[in-house]
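A.B. asks: Start from the sequences, fold in the hints, and give me the full structure.
Per UniProt numbering: the sequence shown = residues 1 to 1145.
Keep in mind that the hints were calculated from the coordinates and are not lab data. Any given hint could turn out to be false.
As the list claims (entries may be wrong) - Capping the alpha-carbon separation at 25 Å, the derived lysine-lysine pairs in BS3-like fashion look like this: (1) 985 / 1039; (2) 678 / 812; (3) 674 / 701; (4) 63 / 49; (5) 765 / 745; (6) 1058 / 981; (7) 770 / 251; (8) 452 / 154; (9) 731 / 701; (10) 159 / 329; (11) 501 / 429; (12) 1039 / 1075; (13) 501 / 452; (14) 694 / 812; (15) 49 / 64; (16) 913 / 828; (17) 828 / 864; (18) 1075 / 994; (19) 496 / 452; (20) 828 / 812; (21) 359 / 297; (22) 315 / 329; (23) 59 / 49; (24) 315 / 359.
Here the structure is a predicted model, which means the values were calculated and not measured.
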Amino acid sequence: MSPDRCFKRGSSSREHVMQKHDHVTGMADSQRTVQPWTDPPEAELRRVKTMVEDELLIKLGAKKEAIEFHPLILAQRPERPKSSVVPDYRRVKPPRQEKQQPNRNPWRCSDQALRQLTNNRTRQGPRQIQLPSASSRRTVNLRTMPACDEEYRKLRLVKLSKRDEILAEWPVYQSQAYLLKRLTFFVVPDTDELRRFSLVSSTSSIAGPEKKSAHPRPARRVLDHLTQPTLRKRPRARWRGMARQVLWNTKAAQMRMPEEIPRSEVRIYVSCTEDMSEEREFLAEVAYPELRRFCEKHGLGCHVVDLRHGINRLKNDRETFDVIDYEVKKCQQYSIGPSFVSIIGREADDRHLPGWMSKDDVLAVRSVLVKREDVVAVEALDNIYRLDSNYNPPIYLLEESQFFAETAETKVLQNVLPDVLNLLRGEGKVKDSKGFYPWSSTVREVERGLLKCLEPNRQTICLMARADNKSDTDITASTGDLGADKLRAAVSDCYKFTSSKNNLVLFNIGKKNVAYLREVCAVFLAAVTRLIESQIGHHEFDITHHMTNAADLVQHVRVARRACDGFIGCEQAVQRICDLFTDASAPRVAVVAGPEGRGKTSLVGHTAAVLSLAAPRRKLVFRTIGITLSSSTLFHTLSSVYAQVAYLYEISPHLPADINLGELLQEFRNLLQKAREKFRDKGFFVLILDGVDKLRGLQAKQLSFLVASIPAGVALLMSMSDFGPLYETMKVFANIEMIHCEPMKSDYLNSYINSFLARCGRVLKNDQVKAILNELTEENEPLVAKIAASMASRWPSHTLNDDLDISSDMEKAFNRLVQSCEMQLGLKFTRYSLSLLAASRYGLAEFEILHLISSDSELIDEIKEEIEDLSVVEGCPYQLQLSRLLWRLEPFLFEVKTEGETILKISHRTLEKVVRERFMRDGFQYHIHSRLATYFQITRRGHLLSSRDIAEGQHKDLSRYLWRTLRSVPYHLCHSHPDPKEAWKVLKSAVFTKFAWIINEIYAGFFNDFIDDMNYALETLGLDSEVLFLRQFLTSVRKTIIFNPVSLASLMAGQDLKEMAEVHRSVTEATDWLKQVNVQVLVPAAFTVEKASQLLLNTALLKTVSTLVTDAKGERVLAQHDTFLTSVEPISGEETVVASFHRGY
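C.D. replies: Structure follows, in structure tokens:
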């Protein structure tokens, strides 16, 4: 089609127009009459004049040419891709599949209209992400892989199954991601940024978290990340975050995990050869701190795992290899990328004997030595290697005394073994696919972290020294070391095969001076930061997505699924609960009770999995109490469950900011009634609360109200201990099904231990199994069986039965487990590390434990006294020791993500009790709590928000991400000193009477938690008049300061409290703080100083209190009113009138 037929120009020549005008009017040149200029021109002449002027302006370039498209072109114009974010949610459909156009290059077309049609994409509007539909699947031209590559085939099948699973979940997205069309406003509480909708009139839009302005700290890595100009949120990224939250909520309600654990940190395992030790030490001193600062700017936590820190070289025994596998797996699982960095020099540390060899390899080597009649080598092999048949398959272990030893026997084997293994390799009797035997720990690290990595282009980096400092092309040039050459060749082939040569960085080895080391440091930082930035863009990382209520749900599901591993027995109890929950005609409440270690969490988690499989449409809300902020108290737990239930059943939540616990219980009851109306369409609802008795401050009447609020169709499953007031209250209800966990019988004990050992790749001899069964009773706690299996997994086959340290008592079993850690890792290190974990309120990250251990000078002095041959130059191998400790205690630790960091916490209260009784005594507990308080208050906290930030309303969403700091400092300061007076002095000056701390607590939304901390301090340290008055004052103005935190400064500045020194200091700080705020502070006109004397003690409200004093014993509070004097019990709130009087007397 020619251009003339496709379109017509908006202007033409004057002659053509005049001819057309004559033809229309029928007048010739002679018949025309010239109209005077005073007469108005005709309409046709006006149009012609305009066309001529437009043509002149177009030729001069002062005006753009207007093209009128032919109707056929407009009809055939391709549709704009349907955006997933549209105003009308009812008409959302899966995106249509666009037809492939044969010509993708618009400039190959000779038609100007078609060129503009295909090239000017901006006229079609912004493009948004398209969710794939089941009908439109893209075909990708994949590189042909070898038919024998079974690993690639398995990986391909896994990815295809994941893709099909995502495509099949489109109806779930369509039903849950979009609400009704005409909603006035969708309010989400501050603790849940899952969906922040702005629905105004008939137009709706999905908006992500708001952008924050720059601020140095408190949440330094979060704030710096949001203020990066290169990481501004785009509509596509916002929708990706929204879709991720929808997916997490949907799968959590079905007790399913997402495709991968949300990655919000950089965890790098560093491996290097022995000849690169100076470079590694310089990187630890210079590069690692710089890398942490870089990650903080992008909102990422950073932890570098260097097992050689303090020892320079690792043993090549089997336990060290297991620790390497444990750490490399964690890095690959949690790190956004990279997860493994290898520094390979020109020498491989394979000159020593292997720490272990398989039984078949040792027998083959021995047969060759016997044929050669090398009696000395055969005797040396028999003397220094010992069979351990408890491994599956059996292996030979090197004697502990022979590691890195230079004896005559070791020298003989070092000379003989390489030739024998090469001979056996040629005959095909030694199975090592990479062409070298795993002599050293470096080879093991490279195998697990690099050669067997599924995504080496995204997860690995290798810094390799050139063989001759000249060649760039021949990477596999000989270095003179056979082991190093084979290792270099294997790494080079791996990167070449996976098309990721950019991740292989070559450098020249120079003289080990500062200039050379700085060059290596610059190369390392450039390679790692480049890969981190690419992975941030690939995953579209946003730290705020990992701090929402949906991210917490993933952690609870992880804990529940992990508790189900190895579940055995109690099938009747599970079936009993499932039968109870199938009846939807009445409220269904079940309580699983039992002592500590009876397996309540495993039973509840397994029941949740069975319920989700039995009815896929059923919505399950699972909470393990105490592992995250959303499950730390009853208020936070109900708020989190409220938000999730409202989301699952498409109910608009409306929780006010100043709601208290009583009002929240009532709102939760109303929410369940609303959700009940949608059970037929959305499925029934099951609420599971594991460890209800762990909720701080939970009262029996509150739990009773919650149970009574359960309507018909809703099921509630709780687990608690079988003693205490909560359990006695639950037994009173007639409609509650009480289920008692039965102990593990001897029939299940053997199968449980065997399954536990099978997961560890271990077996036991028959006499060892009999010794365990004889030591344990016929009915044992499942936790005791787990402790026995954990300890038995490290027994060698030559262990005598008298040395098997097993006990049927839980506390004794934990004591023996801790004692075994002391023997292997040292008493001082084990004592300090476990004490930190037991004393922490909400757990610690691994890098936090390392910081607290390595920065304590007293600990290193104690370790030097315990280990005489400790190197003063290299220091203590803290990372290796900590990794070995965590590897041993892995079954007894919680591992959850909090504030984007992986937090470790002891999962059993009995183990905490054992650690406290064993280590935290004689004043050591005060030292530990003081260290933790100092760390959270100074090192980790950063700076509190300034007056300007709070006055202008900045960083409100980010300030609450420091909840672990705000909650940990008051708790640890309460236990930091044996004298309560000294503890009160430090606690008041640092927290309770520090105005900056108080207003940050209120601004972050932790007013109720701050009052709870005050109550805990009053219960622990005794009464204090200043703290009582401050609690009275804050509770009296609660509603005002929650909605307007800045008003607290004005309210406190107006107080005259010179008789209370600490409170007066807080008043002075509030006055100074108020002078820095250049905004109008709104204070209610009805507020007076007299109203500040209202006192709230627990549930009792004392009004018109003029004087407040404590009695002589400090057990009760005397409150003087206008006409009478009362005595108040602070804990229970009971008030008794002591005396009454009249005015004037």
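A.B. asks: Quick one: which hint numbers does this structure break? Sort them smallest to largest.
C.D. replies: 1, 2, 7, 11, 21
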